[in-house]
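Hey, can you work out the whole structure from these sequences and the hints?
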Amino acid sequence: ETGVTQSPTHLIKTRGQQVTLRCSSQSGHNTVSWYQQALGQGPQFIFQYYREEENGRGNFPPRFSGLQFPNYSSELNVNALELDDSALYLCASSSFPGLAGDPYEQYFGPGTRLTVT
Amino acid sequence: EDQVTQSPEALRLQEGESSSLNCSYTVSGLRGLFWYRQDPGKGPEFLFTLYSAGEEKEKERLKATLTKKESFLHITAPKPEDSATYLCAVQAPERVRFGAGTRLTVKP
Numbered sequence: 003e004t005g006v007t008q009s010p011t012h013l014i015k016t017r018g019q020q021v022t023l024r025c026s027s028q029s030g031h032n033t034v035s036w037y038q039q040a041l042g043q044g045p046q047f048i049f050q051y052y053r054e055e056e057n058g059r060g061n062f063p064p065r066f067s068g069l070q071f072p073n074y075s076s077e078l079n080v081n082a083l084e085l086d087d088s089a090l091y092l093c094a095s096s097s098f099p100g101l102a103g104d105p106y107e108q109y110f111g112p113g114t115r116l117t118v119t
Numbered sequence: 048e049d050q051v052t053q054s055p056e057a058l059r060l061q062e063g064e065s066s067s068l069n070c071s072y073t074v075s076g077l078r079g080l081f082w083y084r085q086d087p088g089k090g091p092e093f094l095f096t097l098y099s100a101g102e103e104k105e106k107e108r109l110k111a112t113l114t115k116k117e118s119f120l121h122i123t124a125p126k127p128e129d130s131a132t133y134l135c136a137v138q139a140p141e142r143v144r145f146g147a148g149t150r151l152t153v154k155p
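The listed protein sequences derive, respectively, from chains A and B.
Residues in the first sequence are numbered from 3 upward in steps of one, following this note's numbering.
Residues in the second sequence are numbered from 48 upward in steps of one, following this note's numbering.
I should point out that these hints are in silico values taken from the structure, not numbers from a laboratory.
Owing to the predicted nature of the structure, the values given are computational and were not obtained by experimental measurement.
Ideal placement from N, C-alpha and C gives every residue a C-beta, glycine not left out.
The hints are all genuine.
Quick look at which bits of chain A chain B covers, simulated, 3 or more residues with Cβ under 8 Å: (1) 41 to 47; (2) 106 to 119.
Quick list of simulated restraints, FRET-style, between CB atoms: (3) Asp86(B) <-> Glu55(A): 29 to 37 Å; (4) Thr114(B) <-> Thr119(A): 43 to 51 Å; (5) Ser75(B) <-> Glu56(A): 17 to 25 Å.
Below you can see the structure in the form of structure tokens.
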């Protein structure tokens, strides 16, 4: 069984630039969620993708956008980078929760450390 | 608005000294509560899912419990390798909220 992978591991960008982060979900999972984790804080939910569509979004501006591909891999795009965007970006995969209201377990990748200067 | 508060922020224990970590929450439409372990510079590692008040789950030296307003992670006779940040998260329809975590250090 292949776990969640993310690329790149580290990235340094300049304020105002754009960045794309990538995630491959764990085999058998069809749902991907993205999180931002600032130093010393818990992960903050950005959004979730299922069947290539956004299925829930946290309190993040529209310059944070995403994609999910038919193979369930995903991208996170951030435009007009700001200094406060410096953080660890985590991707988590899971099986779609369905409509029954059951909780679903998420498995995280190692993250991408983004530094904005 | 959903809120998740973990306490204490940091905890230092001697090896073998048992203790508990707390996660208190307010959320509408709770689907489940999760505990994760996170080592520095790595992604969170899944530990437990708790579905309903009164439920308990155990794994090695860890035991998680859930009430209607809080969850506890009990650590029995911890070892240095249990040192990590422990995160709890609540899940509701189309959203997940994490606490800030408890940083646990176990000294030999």
